[in-house]
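Q: Given only the sequences and the hints, what does the whole structure look like? Please build it.
Protein chains: 2
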Amino acid sequence: MSFFTKLSRSTLQFHNPPSVFSFAAVAGPKEGQGPLAKCFDRVESDAYFGQKTWEKAESALFKEAVVTALDKGGIKSNDVDVLISGDLLNQCTATGYAARDLAIPYLGLYGACSTMAESLFCASMLVSGGLNCAVAATCSHFCSAEKQYRFPLEYGGQRPPTSQWTVTGAGAVVLGKGGSPFVTRVTCGKIIDPGITDANNMGAAMAPAFCDTVKRHLKAVGAKPGDYDMIFSGDLGKLGKKIAVDLLKEDGIDISENYEDCGCMIYDLNKQDVHSGGSGCGCSASVLTSYILPQMRTLKLNRVLFAATGALLSPLTTQQGESIPSIAHAIEFSTSI
Amino acid sequence: MSFFTKLSRSTLQFHNPPSVFSFAAVAGPKEGQGPLAKCFDRVESDAYFGQKTWEKAESALFKEAVVTALDKGGIKSNDVDVLISGDLLNQCTATGYAARDLAIPYLGLYGACSTMAESLFCASMLVSGGLNCAVAATCSHFCSAEKQYRFPLEYGGQRPPTSQWTVTGAGAVVLGKGGSPFVTRVTCGKIIDPGITDANNMGAAMAPAFCDTVKRHLKAVGAKPGDYDMIFSGDLGKLGKKIAVDLLKEDGIDISENYEDCGCMIYDLNKQDVHSGGSGCGCSASVLTSYILPQMRTLKLNRVLFAATGALLSPLTTQQGESIPSIAHAIEFSTSI
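First to last, the sequence lines map onto chains X and A.
For the first sequence, counting from 1, position 155 maps to 275 in the working numbering; every step adds exactly one.
For the second sequence, counting from 1, position 332 maps to 452 in the working numbering; every step adds exactly one.
Hints in this document: simulated from the structure, not taken from any laboratory.
Treat the hints with care, as some may be off.
Any copy, or any two copies together, can satisfy a pair, since identical chains are not distinguished.
[Said to hold, decoys possible] Straight-line distance between alpha carbons at most 30 Å, and here's what the computed DSBU-like set of lysine-lysine pairs gives:
1. K362 / K150
2. K339 / K172
3. K196 / K339
4. K297 / K196
A: Written out as C-alpha cells, the structure reads:
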C-alpha cells in the first residue's frame with residue numbers, strides 16, 4: 121500500500137517518481153558577475169530589488185523566483201497545491217511574506233542552508249503520493265544575513281579566510297507530472313555535530329553531515345560514486361569540500377572525480393572576494409536551478425545526487441558556547457526512470 | 121495510485137489513516153498550576169529544567185516530551201523513521217539541538233504556533249504513505265520567548281490586555297500503525313493577513329486564518345460543526361476566540377456549541393495573570409497531548425478537528441511596519457475509521 125520502497129531507515133525510492141515540471145533562478149549583482157552569470161533567469165543589478173529594506177528585498181527575490189518558475193511552466197498559482205519553503209531570516213519571514221502574496225497553501229520549513237533539499241524531499245513525497253503540483257523553493261540575501269548573523273554592512277567587519285559569502289539568490293522548482301528530470305530517490309538527513317564552535321568555519325562543521333548522508337544514500341541504493349554523473353554538496357565551500365573528499369576517502373569512498381560544491385561554483389573563488397565560497401539557502405537553490413537542472417534537461421548530466429547542507433546554529437547558541445549541529449538531505453535526480 | 125483522496129486543493133483524506141501510537145506532554149511551573157495540571161505527563165517546578173540558559177531549558181523540555189512519548193509507546197529512538205518539529209527560537213535551535221541528541225532523521229519546520237498541526241500534517245502524510253513511525257512534536261518556553269520577542273524578564277515590561285502568555289510546554293505525538301485515534305483528514309493552511317500590525321494582538325491577527333481553514337475543511341469534507349464532538353483552535357486566546365466565533369457566524373457557520381481554544385484551556389484566565397490566554401507552539405501541543413488525545417483514548421471525544429494557528433511575523437517585520445500574516449493547518453482525528 122506504499123507509494124515508495126523503503127531502501128533503508130531514511131532512504132526512499134518512489135514508485136512513481138515526481139518530475140521537475142519547471143524551475144527558475146534569480147540572483148543578485150555579485151552572483152551576476154560570477155561563472156554562472158548567464159545561467160540565471162534573471163540577474164538584478166539593484167541588491168534592494170526595488171524595496172526599502174534588505175528583508176523586503178529578500179522576500180521580493182524569493183517571490184520573483186517562484187513566479188518565474190510558474191510562468192516558465194505555464195502554471196497559474198491557483199494550480200499549485202502547496203508551496204514548501206523556508207529561509208534564513210528569523211521566523212522565516214522572507215518566504216512567509218512572499219507566501220502571503222502568492223496565496224498558495226504553505227508549509228514553512230527551517231533547515232538553514234539545507235532547505236532546498238529539505239523542501240524537495242517534502243515536495244517529492246507529496247507529489248509522488250498524489251498531489252498534482254508542489255513548489256519547492258528557498259532564498260537568501262547577503263545583506264539581510266550579514267545584518268542578522270554578523271555585523272551591519274556599514275561596520276565593515278573583517279572576515280577570516282574560512283568564512284563564506286551568503287549568496288543573494290533564490291531558486292524555485294515546480295514538481296509535478298510531466299517534465300524532466302525525475303526525483304527518483306531521497307534520503308532524509310540526520311544531525312551530525314563534529315564539535316566545531318567557530319561560526320566562521322561552517323564548511324568544516326557541515327562536511328561530516330554531507331558525508332554521512334552520501335554514505336547512507338549510496339549504501340541504501342547500492343551505488344558507487346561513479347554511478348552518478350555528478351554529486352553536488354550545497355555550500356561546503358573550498359575548505360569543507362576538501363574535508364568532505366578526505367573524510368569519504370577514509371571510508372573507502374572516492375568522490376573526487378565527479379564531485380562539486382555549489383558554494384565553489386557560484387563565484388570565481390580566485391577573483392571574487394568571497395573567501396571560502398558561497399553559502400546560504402539561496403546558494404544551492406540557485407545553482408540547482410541555473411546550472412544542474414538545465415544540464416539535466418540537455419542530457420549533459422543524467423544521474424545526479426544533490427545534497428544541500430545546513431548548519432543549525434544561531435548567533436545565540438554560538439554566544440552560549442555551543443557547537444554547530446549540521447544536516448544534509450540528499451535528492452537523487454535522474455533523466456530516465 | 122494515490123494513498124489519499126484529494127477532497128479539495130488542500131484537504132486530503134487518507135486511505136490508510138495513520139494512528140496515534142503514543143504521545144506525551146511536559147509543562148512548566150505556571151502551566152502546572154492551571155486547569156490541566158493533573159493531565160501532563162510531567163510538570164517541572166524549575167523553569168530552567170536543570171539547564172543554565174532559557175534556550176537550553178527549552179531544548180531539554182522538548183527532548184523530555186519526545187523521550188517520554190517514545191517510552192510510553194515502548195519505542196526505541198532507532199525505530200523512529202523521522203522527527204518532524206520546529207519551535208519559536210531564532211533558527212529553531214530548541215528542537216534542532218534536541219534532534220542532535222536524539223539522533224533521529226530530522227525535518228525542521230517553521231510554522232510559529234501552528235507548528236504542532238504542521239508537523240502532524242507532514243508526519244501523517246509520511247506514515248500514511250508508507251513510513252513505519254514518525255514523531256511530530258514542538259515546544260515553547262515563556263522566558264526564552266520573552267527575551268527574544270519582547271523584553272528581558274528583568275525589565276518587567278507591561279503588557280496590554282490583548283497580549284498572551286507564551287506557554288512553557290512541549291507535546292510529542294508518535295504516529296504509526298496501531299493505537300488510537302486516527303488522523304483521517306488534513307487541510308493545509310493558506311496565509312491570511314487581516315492587516316493587523318499590533319504584535320500584542322495575535323488573537324485578532326490569527327482568527328481569520330483559523331476561520332478560513334475551518335471553512336475550507338468543513339466544505340471539502342461536507343461536514344457541519346455539529347458533526348465534530350469538538351473543534352479546537354491553537355492559541356487565539358480569549359479575544360481571538362470570540363472573533364473566530366463571530367467571523368464564522370457571519371458565514372452561517374456556528375461553532376459556539378462545541379468549540380474551545382487551547383490558549384483558553386491551559387490557564388485559569390480568571391485567576392492566573394495571563395491576560396488573553398496562552399500562546400506559543402507548546403500551547404496547542406501540550407493541550408493536544410495532555411487533554412484532547414487522552415479524551416479520545418477514553419472515547420469521551422470521538423471526532424475532533426484540531427487547527428493550530430500561527431502568526432508568521434518577526435520582531436523586525438513589526439519594526440518595519442508590516443502587518444501579521446497568519447496560518448492555520450487542520451488535523452481531523454477520529455476514534456474509528
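Q: Please go over all the hints and tell whether each is borne out by the structure.
A: Here is how each hint holds up against the structure:
1. When the C-alpha separation of K362 and K150 is checked against a cutoff of 30 Å, the pair qualifies only within one copy, where the shortest distance is 24 Å, while the shortest distance between copies is 51 Å.
2. Taking the shortest alpha-carbon separations for K339 and K172, neither the intra-copy value of 49 Å nor the inter-copy value of 40 Å comes in at or below 30 Å.
3. Proximity of K196 to K339 under the C-alpha cut-off of 30 Å is restricted to the inter-copy arrangement: shortest distance 23 Å between copies versus 40 Å within a copy.
4. With identical chains, the CA atoms of K297 and K196 are at most 30 Å apart within one copy only, with a shortest distance of 15 Å there and 38 Å across copies.
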